[in-house]
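The listed protein sequences derive, respectively, from chains D and B.
If you read the first sequence in this note's numbering, its first letter stands for residue 1, the second for the next number, and so on.
If you read the second sequence in this note's numbering, its first letter stands for residue 1001, the second for the next number, and so on.
Some clues are possibly wrong.
To be verified - The calculated lysine to aspartate or glutamate pairs, modelled on DMTMM-like cross-linking and capped at a C-alpha distance of 20 Å, are:
id, chain 1, residue 1, chain 2, residue 2
1, B, Lys1142, D, Glu23
2, D, Lys119, D, Asp134
3, B, Lys1079, B, Glu1092
4, B, Lys1083, B, Glu1111
5, D, Lys106, B, Asp1072
6, D, Lys89, B, Glu1218
7, B, Lys1087, D, Glu23
8, D, Lys70, B, Glu1218
9, D, Lys106, B, Asp1073
10, D, Lys106, B, Glu1092
Stated by the list, open to error - If you want the footprint, here are the derived chain D segments under chain B, 3+ residues with CB under 8 Å:
id, stretch
11, 37-50
12, 59-65
13, 105-116
As the list claims (entries may be wrong) - Pulled from the structure, derived: some chain D residues nowhere near chain B, Cβ distances all over 10 Å:
id, residue
14, Ser71
15, Arg78
16, Val121
17, Tyr122
18, Thr128
19, Ile129
20, Gln132
Derived by calculation from the structure, the hints in this document are not laboratory data.
Don't be surprised by glycine CBs; every beta carbon is placed ideally from N, CA and C.
Chain by chain, the residues run as shown.
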Amino acid sequence: MKVSHLMESLSAMPEDAEVKGIEAPRVRKDGTEVTQGHGNQALWGAMGALGTFNARVLASMAGTSLLTAKSYCTSLHRAGYLVVEREGKGRGNGGVLSTYRILRSKITGPRPPMITRLKTVYDPNTGTIVWQQDPQEVLDD
Amino acid sequence: MTEKTELDKSQHAGGIAPLANIAIAERAIARALGRGAHLPGLVVMHGPSGYGKSLAASWVTARNNAYYLQLDDFCRSRKVLLKRMGKAVGIELRKSMTVDEMADAVISQLENSHRPLIMDEADYLVTFKLVDAVRSLYEGSKAAILLIGEEALPQKLKDWERFHGRILDWYPAQPVSLSDARELAKLYCPGRQVADDLLDSLVKLAKGSVRRVSTNLETIYEEALAKGWPEIDLATWGNRPIHTGEPPRRNA
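Chain B with its partners taken away, still in its complex shape (with noise of 0.2 Å):
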């Protein structure tokens, strides 16, 4: 009866605990922004695809007001950095200005607008050799900076030395655990209750990544639904199936 109060409670609320790793770049975000004087402000979080890093990163921008950055393939040099970094914080690049004076006015506004920067999909920043401009804007603002990457980001990141030597921290995101599927059965079968034993096999079958739990839930969902089950666990859900992501086998 308590448990179920508790969940009705949680709904109203639309909210859930955070997820370990919205947790972990919570704590990133909030050692840089309160950081000594003396020390740097970058971070660095990083972990495999599909562990949920999307979640924390858009957690912790809408709650610390951050500005958010997500790279990609085609930006490429120092000039589509800065064109996209203008765009994120908000201000007019005009065509006429040089790279120069787009990342001073970059850096002004980053300096002036007290607003931690997320930079999502870091590891092209390394593809494409535009770590040492992150620095400059670093160095020129003093902003607090979260990068996020790929699980191997740490290790790219040495050969750039004067880079590497100015993170504050590293933050490796963790495997999806019990109590992260216990939340994400909040968000993808509302109203209903997901037992833990299917919550725990779920777990088992995911190899860390939230994603595959949160597909699975909508799958769950989907089926508790049609089948009008108020509360699953892993004999309802008996030998149905659950997705590992691994490719589907040929059938022989």
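The following block holds chain D by itself, in its conformation from the complex (with noise of 0.2 Å):
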């Protein structure tokens, strides 16, 4: 790349790109920002302040739909992270929820444990994959 071009680039970085600090947003070829993984960032985050929850307070405190949340507990829990303190019982408005425990010794850094698509639960403070989906359940599916 010419030194023009990088320069042009440069100048053509958003504003705020500073403030953000050094963890960089991930950006898309145009610039724009990925906001896939804000739901789970601000999940993971409410999750290590509340040590226990239901999907329902956790999603609350973070802002994110009940969907997102139960579905990343599952995940988590899938994981190892959460444990299952009371098993919730029914659906929707007739059901309770499932409680869950933080397992303190698996918060490994402020970076949310991704789900991928490949239904793995990679964990980018450790750089290792805590959780695989079984090929047969897929098949099962």
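Build the complex: two chains, separate frames, hints provided.
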């Protein structure tokens, strides 16, 4: 890349780029921010502070939908970050949600474990895949 | 009818209005983040156990993309504190590092990330004389830091003059109110209408504790499910027990 091009692309950076600090946002080729994972970031932060919670309380604190919170809890439970303190029962407004507790020893850092498209749980703090979906499960679904 | 629509809407969004102590914590962190260049960036929220400080911590952590660290009985030395801090801010601290090098690494991450830091159970900092260590992390990074602790934390911090003088503001947590209880009912009794008279008596018996109101609402919800009550008021609840947090009395 020629220097002039480099300068151009630098000056084209959004003005708040610096304000966001060293943890650069994920951006697409056109420079817009990738918002996927923001919900999980909020949920992960909220979980650590709550310790024990159900998906509804978690979603309300983190500002995500109940569905997002439920699905993230299910994945992190499978991956062993969360244990079920009290099993839920029933569904919807006639049901009781499961109560989860986050294992302090599993909080490896501020980055939320990622649920990949391949249905694995990846912990970017330790750089490891912590849980992977059984291929048989995919076939059975 | 209007009320019903309101309720449905709020449940659909999966959200509640912030409880009083969440709003207070939000104000505290906003104040520290938006302070003038000459002002210190340390703020303290303090209140009795059960007042919903964890809920507040969780809300402000999630919504301000903050780093969160909960202190405990094992966090007794500067080295342990720095290791915990390293983990909380997501940097690798090598075993070969001196305490001084660890501190530099943590400070640099705090400074460059522009993310606020929330330190929960901050009374341990006083117990284990780590107040000055936190002051140095603050001085080095000028990060916005919210300390959350027990009721007496401000008095305890008075012994640490240099730290005390750098507190931008103090935020006492408030006892649970009826409007808090209405929000908590949305969380713990979804799809059910809990009348104000019942909520009011929960608040009166809770001695300020958000946790006690929440626990009672959970009990009420399960009873409402079992009995199929869509609405519950004081008369419906009758003389069923309301937990006060007191240990049960011995039978004579």
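Compare the structure with the hints numbered earlier in the document and write down the numbers of the violated ones, lowest to highest.
Hint check: nothing fails, all pass.
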